[in-house]
Amino acid sequence: MRGGATISFWRVCAALIILFCAVAQGATGPELAQVLNSRYASSLQACAVTLPAFNCVGVLVKPLALDHDTPFWAHDAVATSVGSEGFAYLRAGPRTVPLAGPIGFVLSDGFEAIAAGKPYEVLCAYPIDPVVAIGRADYGCAPQATAATLQDYSSCAALGVLDAADWLRHFHEQDNQPSRQCSFSAQAAQPFMASIGANQALQPPATSAPVMRIRNWDAAMPAQLAVSAVFYDITATGALSGAQRDQLAWFQATGEWLPVLRFQRDEPNGRVFGFELGDQLYRGYGIAAALNARYQALESTCQDARPAFYCNGVLVRAAEASTSFHAWNPSPNSVSRNGVSFTYLRADSRVAKLAGTAGFVFRESAAPVAFPVTLRCAYPANAGTSGIPDSCRAFCDSAGITTGEAWRARYAGNPGSSCAFRPAIDAFALSLQVRAFFSSTDWNEIIIGAWPQDIPTQLPLEAFFYSGAGLNNARFMQRDYTTVTGRHLPLVALDLAAPGGQVFSYAPADQVVRGTLLQSPVPRARREK
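With mature numbering (1 follows the signal peptide of the UniProt record, and there is no 0) applied, the sequence shown covers -26 to -1, 1 to 503.
Quick caveat, the hints were computed from the structure, so don't treat them as lab data. Source: prediction; values computed, not measured. Relax, there's no trap hidden among the hints.
The following label-pair restraints were derived from C-beta to C-beta distances:
(1) 55 - 497: 46 to 52 Å
(2) 162 - 461: 43 to 49 Å
(3) 274 - 48: 53 to 59 Å
(4) 457 - 345: 17 to 23 Å
(5) 490 - 23: 45 to 51 Å
(6) 327 - 494: 22 to 28 Å
All C-beta atoms, glycine included, are put in the ideal place defined by N, C-alpha and C.
Input sequences plus hints: build the corresponding full structure.
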């Protein structure tokens, strides 16, 4: 570090604001969004009396192209050539402009970076994006080489441009060409604020936020870069998947999870940054843990005196992956017989094989959702319901079958022809118990009433799953869901032979993110009922 940005100087500053920094560094995703929104809204013009505002207020972001093909912290050819990267400086003002890319990352403010032991050097500040090209002089801070000192690479002062009015005059003299503008110093509060003032006063209005040039970091050591989050523009198609790709890349390179933040520059209440748990790839760990907990819970009655499926066990549906329909929509056959076939998994269900290797998982029936589905009946084995007019045959209790022995006497030799068990406490429990009377460990069949087409966000969808060779098909379903809804559902692995009841597991590398290559879905031998 050089001049006013020497490490020793910054350490002194960091010591003065250590309490402030500690709050930001330990922030959760929602807290970080709140901190960034507070900084965005601040009108402070200096930090610690004389230091430039970017050290404590405003937000530094690096916008990126949706399909950038290198790790987001890597330097491109231009940055490598000039020795610096451009960051947009965002803060509230009468004018807002779109960013140069729909995704990107957020840099910690100067004080926070120093407190974390990850200082960076801001070389200069431009009122608008100069569109730096390969070979631009003075670390990208000047149109051509100047008499810049080792302490300050900015170019405006040497031209007699000292404030916003001077800059506007000089800019007009340069035919309003962004590449010919001069840059302000980023070492003191006044010239830095002049860059902000010039941006706001420019006529016609500026088409970019102010841009700061920051000296290149060691891209081989990403953990030393003061990144606090990745973000995506909520209005841009495919942006969430792009941000998740960057979140995953950072995790794979550093072992640390960055939060994915939502970005909406024109949010009317100033909440330009937001956090949603469902956007985070690491959420999958919690989903897998919750599924395993339900799998191992064996109570036949929930605490609210409802049947087990309201609170434990896991409902999964082996589904088809296809470009012709969405996996979560009931098939015409399912609609005609008012029944979509699921399997109920629990540690005591004796199910070791499913009807397919990819599909989706429903939440427990007590979970609050926009469209609660109805469990109509349960069969202890695959009942072949696709060939009957109503998915639920006559209920067992109507034929006097209310005990395991009564069921065994009639159906043990052909469990697929079983009567249907009601969705009541004792009857549903009995549908699991009678599986002990036959040797097959193939799937049971739980009938859920058909729901309307094309309502994925209203359904109790919790995850997609795969087993064996089903990863590609499950990824296809996951990507289809994100494409249709703009939301993310985790993809979990299911291994019914896993020890300790840990049948569900989560791997970040399994998830579909921007750029994940998929093969065409492999059709099953038959369409799931």
